[in-house]
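Asks: Sequence:
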Amino acid sequence: MAERHATDFLRTVGLVILEELRKAGGDGATKERLIQAAGKVSEPSFRRAVDWLRDEQDAPIEYDRSARRWVLSNPDFHLPLDAPAGEDMAALIVASAALGVLDDGELAGRLMRLVEQLDDRARQQGGAAPRIQAGRVVATATTATPVDPKLLLLLLDACNGKVVRMEYDSPWREGASETYTIEPWQLRLHDGALYLRAYSRTADAPRNFRVANIVTARIVDGDQPRGPRPETEVWGEHDPAFGVDYDRPGTATIRVAGPMARWLFRTRMHPKQRDRWIAEGEVLERTVPYRSCREFARRLLPLGSALVAVAPRELAEEVRGHAEALARIAVPEDLAGDAGSTESDG
Numbered sequence: 002m003a004e005r006h007a008t009d010f011l012r013t014v015g016l017v018i019l020e021e022l023r024k025a026g027g028d029g030a031t032k033e034r035l036i037q038a039a040g041k042v043s044e045p046s047f048r049r050a051v052d053w054l055r056d057e058q059d060a061p062i063e064y065d066r067s068a069r070r071w072v073l074s075n076p077d078f079h080l081p082l083d084a085p086a087g088e089d090m091a092a093l094i095v096a097s098a099a100l101g102v103l104d105d106g107e108l109a110g111r112l113m114r115l116v117e118q119l120d121d122r123a124r125q126q127g128g129a130a131p132r133i134q135a136g137r138v139v140a141t142a143t144t145a146t147p148v149d150p151k152l153l154l155l156l157l158d159a160c161n162g163k164v165v166r167m168e169y170d171s172p173w174r175e176g177a178s179e180t181y182t183i184e185p186w187q188l189r190l191h192d193g194a195l196y197l198r199a200y201s202r203t204a205d206a207p208r209n210f211r212v213a214n215i216v217t218a219r220i221v222d223g224d225q226p227r228g229p230r231p232e233t234e235v236w237g238e239h240d241p242a243f244g245v246d247y248d249r250p251g252t253a254t255i256r257v258a259g260p261m262a263r264w265l266f267r268t269r270m271h272p273k274q275r276d277r278w279i280a281e282g283e284v285l286e287r288t289v290p291y292r293s294c295r296e297f298a299r300r301l302l303p304l305g306s307a308l309v310a311v312a313p314r315e316l317a318e319e320v321r322g323h324a325e326a327l328a329r330i331a332v333p334e335d336l337a338g339d340a341g342s343t344e345s346d347g
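The sequence shown begins at 2 in the working numbering and counts up by one.
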């Protein structure tokens with residue numbers, strides 16, 4: 002019991018020190034100022050609280066000997082479980098909405114329960130954050146692939162250096178599903194679908210797997226990974242931007258006109274994209290790297306007639322090929338009537 006009280010005391014003092022350092026900014030704060038802010042605690046208690054912050058919480062607190070001041074080198078550092086802020090709860094709410102696209106609500110529900118508990122803790126500590134309620138942020142996707150939370154947990158565990166044997170039903174192969182032995186590296190959420198990057202012993206090479214197509218999976222006890230794992234660029238590059246596909250990578254220059262240009266201007270396709278207005282508010286030119294020519298071409302199709310120019314030539318040909326194929330779509334006689342309604346008259 003005494004040990005718990007001591008830890009609670011260090012946490013209380015440490016949180017005050019952290020907040021005071023955040024207020025001080027880059028100039029830092031003297032030991033005397035921090036001790037005063039913490040309620041005139043003893044110098045040994047002050048040192049123990051600083052050690053708790055640095056050693057147990059990894060707080061980026063440094064001592065500037067020349068200025069004789071303590072400095073918080075990263076002012077954005079927070080301890081959301083000990084001192085939750087409104088921004089912490091907002092981040093969790095957005096995350097829970099995003100997860101709602103992927104599962105039946107179990108994972109999102111767990112996150113919302115965490116939001117509620119953090120909200121209660123913030124109020125107990127005298128926080129003035131507005132009351133956070135479920136349902137204030139929702140997420141939708143035109144196409145999303147649900148994920149079994151238990152499978153997700155297994156794969157997350159396997160990414161810590163374990164071997165998995167799974168049954169995988171590839172959408173690109175006809176016939177029955179196949180069994181793979183893999184060494185998972187990382188999961189990636191991309192455009193409403195979750196992908197797994199792993200070393201495939203079956204293919205003897207790194208491979209990408211769509212998690213929704215994993216039928217069954219189990220960890221192989223006693224087995225150890227033996228495939229070469231990259232230290233960086235797990236997916237082939239730091240930010241593929243458009244999917245996990247790899248096909249004639251390059252840099253696109255597109256021009257989009259009208260309302261779609263103004264809509265596109267507020268979106269991000271890649272961290273290195275560059276925009277300029279050919280005609281202010283009317284024609285937008287965007288230069289953007291892509292990893293896959295064929296996938297990027299598919300991404301451009303929803304722009305429709307607003308897409309007025311595309312380069313390089315191979316990308317333009319991919320876009321044109323898709324558009325021409327769509328223009329040839331037939332309407333079978335059995336679908337030609339008014340068969341699109343799904344609502345009941347009764």
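No lab work stands behind these hints: they were computed from the structure.
Hints may contain errors.
Quick list of in silico lysine to aspartate or glutamate cross-link-like pairs, DMTMM-like style, CA-CA up to 25 Å [unchecked claim]:
#1 Lys163 - Asp121
#2 Lys32 - Asp52
#3 Lys273 - Glu325
#4 Lys151 - Asp83
#5 Lys41 - Glu63
#6 Lys151 - Asp121
#7 Lys24 - Glu107
#8 Lys41 - Asp52
#9 Lys163 - Glu117
#10 Lys41 - Glu88
#11 Lys273 - Asp192
#12 Lys41 - Asp9
#13 Lys32 - Asp9
Here are the computed distance ranges between Cβ atoms for each label pair [claimed, not checked]:
#14 Asp77 - Tyr247: 30 to 38 Å
#15 Asp121 - Trp278: 21 to 29 Å
#16 Leu190 - Asp121: 45 to 53 Å
#17 His191 - Phe266: 16 to 24 Å
#18 Glu325 - Arg137: 18 to 26 Å
Ideal Cβ positions, reconstructed from N, Cα and C, are used throughout, including at glycine.
Asks: Does each hint hold? Answer for all of them.
Replies: Structure-based check of each hint:
Of the supplied pair hints, the one linking Lys163 and Asp121 is violated, its CA atoms being roughly 38 Å apart against a limit of 25 Å. Note on Lys32 and Asp52: the hinted pairing holds, with a Cα-Cα distance of about 14 Å set against a maximum of 25 Å. Note on Lys273 and Glu325: the hinted pairing is violated, with a Cα-Cα distance of about 31 Å set against a maximum of 25 Å. Annotation: proposed proximity of Lys151 to Asp83 is violated, straight-line Cα distance about 28 Å (limit 25 Å).
Under the criterion of a C-alpha separation no larger than 25 Å, the hint pairing Lys41 with Glu63 is consistent with the structure, at around 21 Å. Proposed proximity of Lys151 and Asp121 is contradicted: the alpha carbons are some 29 Å apart, above 25 Å. Between Lys24 and Glu107 the alpha-carbon distance is near 39 Å, which puts this suggested pair outside the 25 Å criterion. Of the pairs offered as hints, the one joining Lys41 and Asp52 holds, with about 18 Å between alpha carbons and a cut-off of 25 Å not exceeded.
Using a Cα cut-off of 25 Å, the hinted pair Lys163 and Glu117 is violated, with the two alpha carbons roughly 34 Å apart. A threshold of 25 Å between alpha carbons decides the hint, and for Lys41 with Glu88 the separation of about 30 Å lies outside it, so the pair is violated. Our distance criterion of 25 Å between C-alpha atoms is met by Lys273 and Asp192, whose separation comes to about 19 Å. The hinted pair formed by Lys41 and Asp9 meets the criterion: a straight-line CA distance of about 17 Å does not exceed 25 Å.
A distance of roughly 21 Å separates the Cα atoms of Lys32 and Asp9; the hinted pair therefore holds under the 25 Å criterion. Checked against the hint of 30 to 38 Å, the C-beta distance between Asp77 and Tyr247 comes to roughly 34 Å, which is consistent with it. At roughly 48 Å, the beta-carbon separation of Asp121 and Trp278 lies outside the given 21 to 29 Å, and the hint is violated. Leu190 and Asp121 have their C-beta atoms about 29 Å apart, which leaves the hinted 45 to 53 Å range violated.
For His191 paired with Phe266, a C-beta distance near 23 Å keeps the hint of 16 to 24 Å intact. Our hint of 18 to 26 Å for Glu325 and Arg137 is violated, since their Cβ atoms are close to 45 Å apart.
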